[in-house]
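Colleague: Residue numbers (our numbering), protein chains in the order written: chain A, 251 to 572; chain B, 251 to 572; chain C, 251 to 572; chain D, 251 to 572.
Calculated from the structure, these hints are not laboratory results.
Hints are supplied without guarantee of correctness; some may be wrong.
The list cannot tell twin chains apart, which means a pair is met if one copy fits it or any two copies do.
[What the hints assert, rightly or not] With a straight-line cut-off of 25 angstroms between C-alpha atoms, the simulated DMTMM-like cross-links for lysine to aspartate or glutamate are:
no., residue 1, residue 2
1, K394, E492
2, K372, E431
3, K306, E275
4, K252, D434
5, K550, D321
6, K252, D308
7, K306, D545
8, K550, D326
9, K394, E333
Number of protein chains: 4
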Amino acid sequence: MKIAQAGHAELQVRDLEASKRFFTETMGLFVTEEDSTSVYLRAWQDWEHHTLVLTKGDTSGLVHLGWRVEDPESLDQFARRFEEMGLTYTWVEAGTEWGQGRALRFSSVSGVPMELYWEIEKYRASDPELVSALPSFPQKYPTKGMAPRRFDHFNVMANDVAREQAWLTQVMGIKHRYYVEGADGVRRGSWLSISNLSHDIAVMRNHSGSGARLHHIGYYVDSPDELLRAATMAVEHGGKIEWGPGKHGTSGATFLYFFEPSGHRIEVWTGGMLIFAPDWEPIRWSQETEVVGFDMWGSKAPETYLRYGTEIVKATGAGAIA
Amino acid sequence: MKIAQAGHAELQVRDLEASKRFFTETMGLFVTEEDSTSVYLRAWQDWEHHTLVLTKGDTSGLVHLGWRVEDPESLDQFARRFEEMGLTYTWVEAGTEWGQGRALRFSSVSGVPMELYWEIEKYRASDPELVSALPSFPQKYPTKGMAPRRFDHFNVMANDVAREQAWLTQVMGIKHRYYVEGADGVRRGSWLSISNLSHDIAVMRNHSGSGARLHHIGYYVDSPDELLRAATMAVEHGGKIEWGPGKHGTSGATFLYFFEPSGHRIEVWTGGMLIFAPDWEPIRWSQETEVVGFDMWGSKAPETYLRYGTEIVKATGAGAIA
Amino acid sequence: MKIAQAGHAELQVRDLEASKRFFTETMGLFVTEEDSTSVYLRAWQDWEHHTLVLTKGDTSGLVHLGWRVEDPESLDQFARRFEEMGLTYTWVEAGTEWGQGRALRFSSVSGVPMELYWEIEKYRASDPELVSALPSFPQKYPTKGMAPRRFDHFNVMANDVAREQAWLTQVMGIKHRYYVEGADGVRRGSWLSISNLSHDIAVMRNHSGSGARLHHIGYYVDSPDELLRAATMAVEHGGKIEWGPGKHGTSGATFLYFFEPSGHRIEVWTGGMLIFAPDWEPIRWSQETEVVGFDMWGSKAPETYLRYGTEIVKATGAGAIA
Amino acid sequence: MKIAQAGHAELQVRDLEASKRFFTETMGLFVTEEDSTSVYLRAWQDWEHHTLVLTKGDTSGLVHLGWRVEDPESLDQFARRFEEMGLTYTWVEAGTEWGQGRALRFSSVSGVPMELYWEIEKYRASDPELVSALPSFPQKYPTKGMAPRRFDHFNVMANDVAREQAWLTQVMGIKHRYYVEGADGVRRGSWLSISNLSHDIAVMRNHSGSGARLHHIGYYVDSPDELLRAATMAVEHGGKIEWGPGKHGTSGATFLYFFEPSGHRIEVWTGGMLIFAPDWEPIRWSQETEVVGFDMWGSKAPETYLRYGTEIVKATGAGAIA
């Protein structure tokens with residue numbers, strides 16, 4: 251019973267047209283399937299059917315975060331664990347989310363909606379314009395937009411970071427990699443991963459105290475130079491830069507945060523460390539090192555970064571829990 | 251009487267549709283004006299109406315290379331110099347080339363067709379989709395293709411390099427910057443500039459002995475990383491890479507050569523040295539240093555690079571001499 | 251019983267002084283410990299005591315490749331497995347390799363010498379000149395040389411690639427990720443990983459038929475731009491470039507191969523794909539796609555790349571099997 | 251009578267040892283000559299004997315900015331012009347500044363100390379460790395520090411920007427390229443060049459009203475990626491980052507500002523536009539576009555950037571006016 255990777259996010263958006271245009275034209279993601287209320291997207295080397303689902307709604311918010319499990323058995327095993335722990339969950343039938351098998355839906359202890367799934371269509375371009383001669387490319391290398399290589403990670407806000415992190419580690423098996431702790435002993439943020447990435451999911455303190463929020467989802471671009479180009483593209487093509495380019499001291503990754511037209515915060519990032527040691531000890535960042543931890547080049551996180559996230563929605567979209 | 255800058259090239263192409271598609275979709279140039287036989291193109295920060303004109307024809311070849319002069323008087327002054335020297339020239343009327351005033355047409359001693367011009371429309375986007383909020387951007391920063399910043403240089407082949415270089419320097423005032431010379435004393439290549447660029451025009455030996463040819467035109471991308479991305483884009487989007495990425499030892503610039511669909515060789519390059527010294531002495535590269543001069547990382551120039559260039563055409567296009 | 255990561259290589263070198271100088275001054279690795287016959291090296295963000303050991307010898311060759319296991323129990327479990335399979339192994343006592351606990355030494359089916367270990371000192375700079383203010387940095391970010399971030403992978407040659415790959419997968423549990431297969435059905439190369447890297451170890455066909463060889467070890471630099479700088483550094487600082495910069499079509503990584511002064515081939519590389527799917531199917535490259543598989547930009551592998559590797563030595567150095 | 255290029259700056263420093271260490275170890279400049287009170291420095295592809303002189307003093311300040319003229323005659327011609335205008339000047343004898351012929355010293359209308367010179371030793375490495383096999387490299391490509399390719403530009407503060415710019419243009423012939431103007435009609439900054447660079451010298455408003463100051467000198471690195479590495483190097487190797495990495499909307503160049511140990515502000519920058527048009531019209535930036543003009547990615551200039559510059563010193567160093 252194990253989680254294999256962070257797979258995708260479903261975001262409800264208040265302006266589907268504008269968001270779709272931004273994600274395809276400016277960010278350079280590709281549409282796998284769509285109808286008038288949903289758009290399924292992936293980056294050019296994402297192998298799964300989708301890593302982002304946009305669902306039309308009255309407000310913008312997070313519908314769910316999707317995790318792929320290590321093997322088919324893990325789904326029922328996790329369901330049993332949830333039962334034993336008295337946790338609520340539901341099953342989403344195969345095909346409810348296009349291209350995907352049945353999924354186990356539940357919420358983390360702080361209220362972040364998640365799902366586990368095993369079956370997922372593998373993407374391979376069929377449109378002759380997109381078919382690549384390279385077997386390692388599910389489609390041709392793109393010529394448009396920021397063109398991230400792949401989906402990378404989730405980042406959520408919670409009132410009690412330590413509690414959420416403990417839950418993710420103990421219940422879901424996601425390892426604790428590094429964290430920021432105030433002089434008051436209060437956890438400001440925790441970064442966790444199940445893979446060799448420095449984090450598959452992060453939990454940051456909601457300084458506004460309003461509970462669980464989506465802080466951002468992150469896509470991976472191939473180089474710092476591409477990230478700078480992405481920033482320049484954002485300026486005049488519908489992205490509102492919030493912070494960056496900067497360099498996280500914690501992970502060593504170069505970052506850029508911007509808002510897409512419906513108000514979700516998106517990160518593109520690149521580089522930094524991978525973690526291979528099986529006996530990795532979570533790295534502690536104190537209040538003194540927090541500043542360089544956030545941006546080692548010295549810029550400060552804007553207030554919005556500390557207080558604003560997209561709400562959790564009880565969605566009516568593709569992946570909705572009845 | 252002085253030349254100010256290398257301005258543009260007019261290329262006859264045997265497949266206008268395919269070439270236009272490649273230059274716009276893959277290279278990321280922009281169309282200023284076009285009709286069924288001509289397409290006027292520029293890079294996103296080219297300030298002039300065009301830096302490349304594609305003209306439909308039965309074969310692919312060079313129609314002319316355009317140089318802008320330093321002031322309006324220089325045109326007639328150059329005409330007088332040509333008369334005194336007994337050189338043939340013709341005047342092309344204003345508007346023959348769209349967006350451009352009258353031009354003085356002539357051929358170099360080796361037979362490379364050239365023109366001098368002063369009046370040229372300055373480009374400033376009017377399409378709201380393209381208008382930039384930045385006064386220094388004639389249009390928005392692009393999100394598509396290799397997206398070079400600007401036109402950079404010309405490169406021609408000649409049987410007698412030393413003679414062509416002497417003519418360019420003495421008649422046109424273009425300074426000699428560096429050259430390759432064989433142990434036999436025969437000049438293999440010369441690079442010249444009127445600006446601070448390492449070269450605005452180069453002359454390389456036609457190892458096939460077939461006389462004047464266009465070797466390539468060069469556009470400038472902003473970083474080595476962009477150049478590598480351009481190579482990856484070329485692979486599956488209609489560009490046939492001939493050589494590179496590599497790094498010229500001579501100029502220090504990173505290079506990539508590829509053929510566009512009608513057979514013209516195009517270079518995108520970046521970086522390397524600028525030349526500021528008013529008493530610059532041309533740098534000599536011997537046969538021993540020639541290899542690192544061409545690619546300091548050690549790859550060898552392919553045979554096509556030494557022998558193939560596009561022919562000189564007596565064109566019927568926009569800029570034709572009657 | 252599981253392997254966690256590719257850890258380090260011990261290389262015998264015929265010119266220890268020259269090799270040490272190259273690895274520290276030009277490559278920018280750091281010495282952890284050394285004496286007159288051995289130098290222990292690591293990249294700036296390598297967390298272990300060493301990722302490369304140079305041992306003085308009459309010839310240059312591979313002493314062993316070191317793999318770290320997932321937990322302390324795995325060592326004895328692997329020993330039992332080897333016994334059950336009738337494979338020979340020996341124990342190297344703790345401290346024989348500096349900074350390291352006892353290790354299980356054995357050879358792969360093709361004769362590649364390997365070891366498994368669990369205990370290893372974690373590096374944290376104590377020299378005030380090197381101590382970083384960033385908890386995520388085991389030492390300050392360097393200002394010298396190619397400065398790779400970390401050790402990346404092994405690459406060995408074998409006469410029978412398919413057999414060696416099967417052994418690595420079945421005995422050591424290292425997953426098969428992609429491979430090249432001739433029209434004759436003969437395996438040309440296989441790439442395998444236990445981590446999310448596209449490969450921790452590769453096996454390539456020894457076209458000279460001389461059996462097991464070390465092809466190269468690979469270090470990871472942070473960007474394509476850094477890799478290009480590394481190439482320029484190599485040119486005049488003791489590295490002999492063999493091939494590259496190029497871009498592997500298989501992994502998508504940008505590569506550079508060069509020889510260090512004692513004749514070992516070293517790769518610095520960056521980028522490309524990570525593999526997250528638990529049901530990953532090995533990607534097949536045919537003879538038709540092999541060319542773009544090796545370098546998608548189109549350069550061909552030099553003959554030396556296909557035929558030359560460093561010999562396997564029965565070493566007398568730190569990690570020698572008695 | 252014409253200026254050819256911005257050549258060098260002489261800076262008085264209160265801690266010569268610390269500044270020398272920073273400029274050589276962290277920035278990666280090279281010492282041409284030095285004694286106990288002066289250090290002459292150049293970047294690896296600077297062709298002149300020096301582009302930076304550090305002179306020991308009680309305070310840190312600007313001694314002079316050096317401009318090379320187009321030909322030997324220009325020196326006396328400028329002296330005559332100054333006489334006709336009633337401007338004070340002095341001659342500095344050949345050899346006073348090492349490696350340099352006689353120089354004409356004067357101050358701009360705002361009080362910025364400058365010199366014009368013609369004769370200057372050309373640098374070519376003689377130390378075998380530094381001699382390059384590439385004729386275009388005055389020394390080997392470096393392996394240490396930020397390693398800018400060349401000196402780039404000057405930036406000074408003045409109370410009345412428009413007046414200083416007019417003087418530089420009319421008296422020294424340096425063309426006006428772009429400027430920022432408040433809604434109140436007050437000039438905030440002007441950028442000028444004699445070369446194809448977007449600026450060889452800039453004048454920015456001293457918001458503290460304290461008159462002429464050195465704002466910074468700028469060196470050119472080869473790529474945005476190198477600039478980001480420079481920022482990371484600065485963090486733990488003696489540079490105090492003030493602002494950046496960011497991207498000037500005006501020039502399009504990527505920038506980083508930091509303070510060296512004696513308090514001078516240094517910029518490393520890269521990319522952006524060159525200016526070729528002989529009829530270039532200065533580009534106006536209004537208060538509305540000023541923000542993106544300073545950093546198109548949206549960060550704001552810190553207060554120190556608007557108010558702090560190094561004082562003008564009546565120096566006692568190598569280049570002192572008796």
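Colleague: Is it within, between, both or neither when you check K550 against D326 at 25 angstroms Cα-Cα?
Modeller: neither (45 angstroms within a copy, 50 angstroms between copies)
Colleague: Given identical chains, is K306 near E275, meaning Cα to Cα at most 25 angstroms, within a copy, between copies, both, or neither?
Modeller: Classified as within; 19 angstroms inside a copy, 31 angstroms across copies.
Colleague: Taking 25 angstroms as the upper bound on the Cα-Cα distance, should K252 and D434 be classified as within, between, both, or neither?
Modeller: neither (34 angstroms within a copy, 40 angstroms between copies)
Colleague: Indicate which option fits the pair K306, D545 if close means a Cα-Cα distance not exceeding 25 angstroms: within, between, both or neither.
Modeller: neither (34 angstroms within a copy, 35 angstroms between copies)
Colleague: With 25 angstroms as the alpha-carbon cut-off, assign the pair K252 and D308 to within, between, both or neither.
Modeller: neither (36 angstroms within a copy, 49 angstroms between copies)
Colleague: Should K394 paired with E492 be assigned to within, between, both, or neither, using CA atoms and 25 angstroms as the limit?
Modeller: This pair counts as both: shortest intra-copy Cα distance 23 angstroms, inter-copy 23 angstroms.
Colleague: Are the CA atoms of K550 and D321 at most 25 angstroms apart within a copy, between copies, both, or neither?
Modeller: neither (42 angstroms within a copy, 40 angstroms between copies)
Colleague: Measure nothing new, just compare the shortest in-copy and cross-copy C-alpha distances for K372 and E431 to 25 angstroms and report within, between, both or neither.
Modeller: Between. Shortest inter-copy distance 23 angstroms satisfies the 25 angstroms Cα cut-off; intra-copy 40 angstroms does not.
Colleague: For K394 vs E333, is the C-alpha pair at or below 25 angstroms within one copy, between two copies, both, or neither?
Modeller: neither (47 angstroms within a copy, 51 angstroms between copies)
Violated hints, listed in ascending order, are 4, 5, 6, 7, 8 and 9; each of the other numbered hints is respected by the structure.
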